[in-house]
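Could you build all of it, start to finish, from the sequences and the hints given here?
Going by UniProt numbering, 1141 is the number at position 1141 of the sequence shown; the sequence numbering is gapless.
Derived from the structure by calculation, the hints contain no laboratory data. No false leads were slipped in.
Distance condition first, Cα-Cα at most 30 Å in a straight line; then the derived BS3-like pairs of lysine-lysine:
| # | residue 1 | residue 2 |
| --- | --- | --- |
| 1 | K626 | K567 |
| 2 | K657 | K784 |
| 3 | K399 | K321 |
| 4 | K1134 | K812 |
| 5 | K1009 | K812 |
| 6 | K679 | K573 |
| 7 | K993 | K860 |
| 8 | K395 | K9 |
| 9 | K295 | K85 |
| 10 | K784 | K1133 |
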Amino acid sequence: MTTLSQDGKRAIDTLIHEFLQSKKTPGFVLGVSNIDEELYFHGGGPRIFDDAAGGELNPESVFWICSQTKMITALAGLKLIEQGKMTFDTPVADYLPQLANPVVVDSLSTTKTTFRPAKTVLTVKHLFNFTSGLFYPQDEDMARGNLNQGYHSKAIHASEDPLTEWFNLLKGDLPGVPLKFEPGTDFVYGWSSDILGFVIEKVSGQSLESFFKENIFKPLGMESSFYLSPELEKRLAALSWREKNGNLVPLTNQIPIIEKDPSKLKLHFGGVGLYSSMRDYLKLLRHIMQINAGKPVQNPILSQESIHSLWVPALNEAGVKSLNELLFILNFPPSLQWGTAMAINNEDWPQRRKKGAAFWSGWAGTEHFIDPAKGIAVVFGVQIAPWGDEEVMRKLFPKLEEAFLKRDTSIAGMTTLSQDGKQALDKFIKETLESKKTPGFVLGVSNADEEIYFNGGGLRVIDNPAEGQVNPDSVFWICSQTKLITALAGLKLVEQGKITFDTPVADYLPQLANLVIVDSLSTTQTTFRPAKTVLTVKHLFNFTSGLFYPQDEDAARGSLHRGYYSKDVHVTKDPLTEWFDLLKGDLPGIPVKFEPGTDFVYGWSSDILGFLIEKVSGQSLDDFFKEHIFKPLGMETSFYLTPELEKRLVALSWREKDGSLVPLTDQVPIIEKDPAKLKLHLGGVGLYSSMRDYLKLLRHIMRINAGKPVQNPILSQETIHSIWVPALNEAGVKSLNEFLVLLNFPVSLQWGTAMAIINQDWPQRRKKGVAFFLDMATLSQEGKQALDNLIKEALESKKVPGFTLGVSNIDKEIYFNGGGPRVPGDPSGGEVDPDSVFWICSQTKLITALAGLKLIEQGKITFDDPVADYFPQLGTPVIVDNLSTTHTTFRPAKNVLTVKHLFNFTSGLFYPLDEGALQGGLNRAYYSKDMHVTDDPLTEWFNLLKGDLPGVPLKFEPGTDFVYGWSSDVLGFLIEKVSGQTLDAFFKEHIFKPLGMETSFNLTPELEKRLVGLSWREKDGSLVPFTNQLTIIERDPTKLKLHLGGIGLYSSMRDYLKLLRHIMQINEEMKAGRSVPDPILKSETIRSIWVPALNEAGVKSLNDMYILSGFPVSLQWGTAMAINEQDWPQRRKKGSAFWGGWAGTDHFIDPTNGIALVFGVQITPASWADEVKRELFPKLEELVYAALTS
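Here's what the structure looks like:
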């Protein structure tokens, strides 16, 4: 942490004392803060010039901060943009019609003014960066170094319409508000911030004072204000006036200034009007520094992205020239830019602030800057007129700044490790190595100046002590850490002007001219289409190329892809063509996962960037790296495993399924290691390096990034900064986070130009803004093995029929296993596998709900539609108070039954406990054959529900409670009515076909071949094949006349998992903006599945029903599934959505962990009550979670 030494503080104290004693300046204060706290505040001199009775200036003294108001106005404007209430591109005239027809003034004088209508629309963005053309005219006051009339005129505050009066002052005799140039073409200092302030008032409906207080001052505990209240006036530093002879006198009436009487003030000037203490202003700067650096901030006034924009250059070449000419008169070193709110140094100021410092000042003498390189902010407060005082601006403040910035040694704060910390690391490393659970390893840590820790050990070659120990200079195959170095090399070419980010890759590698987007890649059928977007160099840097690692057999085993290990590329005369042929396979072009630039995928981008570097530079990748990176840094890193490097190489270990470690021999193929055979340098995976050498590179990057002196920097600071600039759109962010969640990393990540960037602190670990990457990992082998073992034991016990278990993350299937005979008691029928077909029963309900939501999205139904509009049978339902075979009591329902009630099971439609249901079987309205032999099956079905009652029976008034029942079936019939399609046809068109699912209501011969037969649990616990122990639904597709949306589908668990994965992907769109190809529903619709739908009575009824299953309760219901309201210990997390089917299938989605799970078994009666299943399924789930968190 940056601080000031006691010697440094004393030196500044002395300098301040000397200046005050000289009487050449009025009283002043100086404050310095690091990112966490105030480091220094001092000053003095009379608050009122030559009036000691008024007291001394101090950190709480109040100053009229003039143009330092502008930054705060910009922050407030950014707040409105974050809130979505305006955009940078909004025309200003939308809020202030006075600016609809501005004029560009070519010559402004008292005798003749020439002007022309402006052609460009003035936007909000132009106000932020002073490219509006709105200028302070060089009137008489301005020529004397005073304020413009537009600030000091009393007429504004005496008018009934002060804003119109103000615009009239600006216009004068012109037909429109004058501009110096076409908006957006140059920079000029002027009225932009004032007009931005008026826009803020219009948009927010608040005065600028109120908006600042609510959104900036109150959250930060600042007393700053446009109103000079009596409390503030008591502490106000009075203005001094510098006479022409150099003497100082109090300001009386030498020049007019803004209206200071709060009772008369009618217009808040966002460019000049605030009063603030320097301590309060320093609070604000510290808050900005904290957000900018990604530190935890309570009540941040803006997002980090918005604060970062303060440093993004906004001016074109003409604007830069104009800004520098303006500030030259203040004797500032030039080379300046403007961000969103302040000027930005483009180079170090000798012995003062560093490149990247953001600053501004006020007309009456106040100053501030933030120096991110040093991690400090500075405020300086004085009150002197006229503007541009020689003693203050050119002598006093620069000397004060030099006093605490001229030597790094006066600012202490280099990160190090305590002795206790080092000992704790040493102990942990020693214990880990002694456990023999890991092979040898090293850990190295560096600050920006030096290595501060290195330790490790263990055998360099497992089980072979003669080969020595692992140490900091041991060599590792660094795999995907190669990617960072390839990116740095590519950035070197960009700096050299040899390529640009927008260069089409096909200009150098024609194999990439005709990409194809692969929608489905399999060994049987691949579907693809031509890519429309040109693949550029930028896409390679940020992994938005679409070039992906295919999930081939090797990758599924946690191994490398064939494009890395194939020996063919090294034995051919044209290795690059061979490599591209491996990627293409039988496709007409190189496959990509999406249109370049639209998403993120981890894959071949770095390798292709490496080939491009070779083409452009005319050097091998190894030679280019050596010349531009390794040699300047003294690194021995190489693509070639030379004899020297091989002597120090840490051998690969292999983790067996039992957890033991053995040397890697031929368990998996890896890259060509023989330097004599190597023909292709793989920029994504191919380097060998010691960790000490790699740490040198990281330290070098840190030094450049921090603006420290660097000998032979490999890249400019600007280029290194780009590593931290977010490169991904919302879809890409989502894909990156989904990819890395497998590694059990806390997510909230971005990608820069070369590494992943953390967007939030990892508790007790690395901080927001950290850049990193490492090689790919997957689910632990131990976790998979434990699942395999339990499944094997369960099947061998014969206590459970054949079953299957599948798990997916948001991108892909990560586990599937199972077994047992598909036909109970008949091994000849084959084994249950992921593609076996199950009667999924009530898991049909989710799909029916999704189909209903599709109709709502299409505007064909609404949640509030009365169901009776489609089915008159439900126009007069009755509420049954007592249902029995002897005496049923009922009453007419008063509430209208709506579509919404069908989705959330608050319809009152219930499964009555008839004879079949009492035996653990199905209700008659599901199994009755009558509905399939009639010409009007729907009427027959409703008649089955009604029985002898005058209307369809309900358990309660619609909307007042929850009951499980016929709601999904009725919703299915409604979908058929509205769509004009059968439910099977509607599902196929809108869900199954887009997702490649074979799920169906019709048990076709193809599905029946794969159907898992039902088992029956006898009372003694034994299992027998299901025959006719109870009646089930009609399964003959030739007889089926009614599709039951609550129970009727047949599906494989693999197909159902596809659907859950698709739901997860869409659900994440609202969080990270991932673009999902051909989504079946919008993200807001999918999110509604998680919105609680039940009142207190409904929650109780749902939980009372579900407690029978033995599951932990505390449940809600959304639009389609039950929702956990709390974590289930060692199992699914709060917010998981789930349901199951009567015959034994189950599923859930856990958004917290980003997984979905399916379980398929076929067991009757009432599998939810089956004791063996109730014991097995939770154990499987627990092992899944243990595997994910291992």
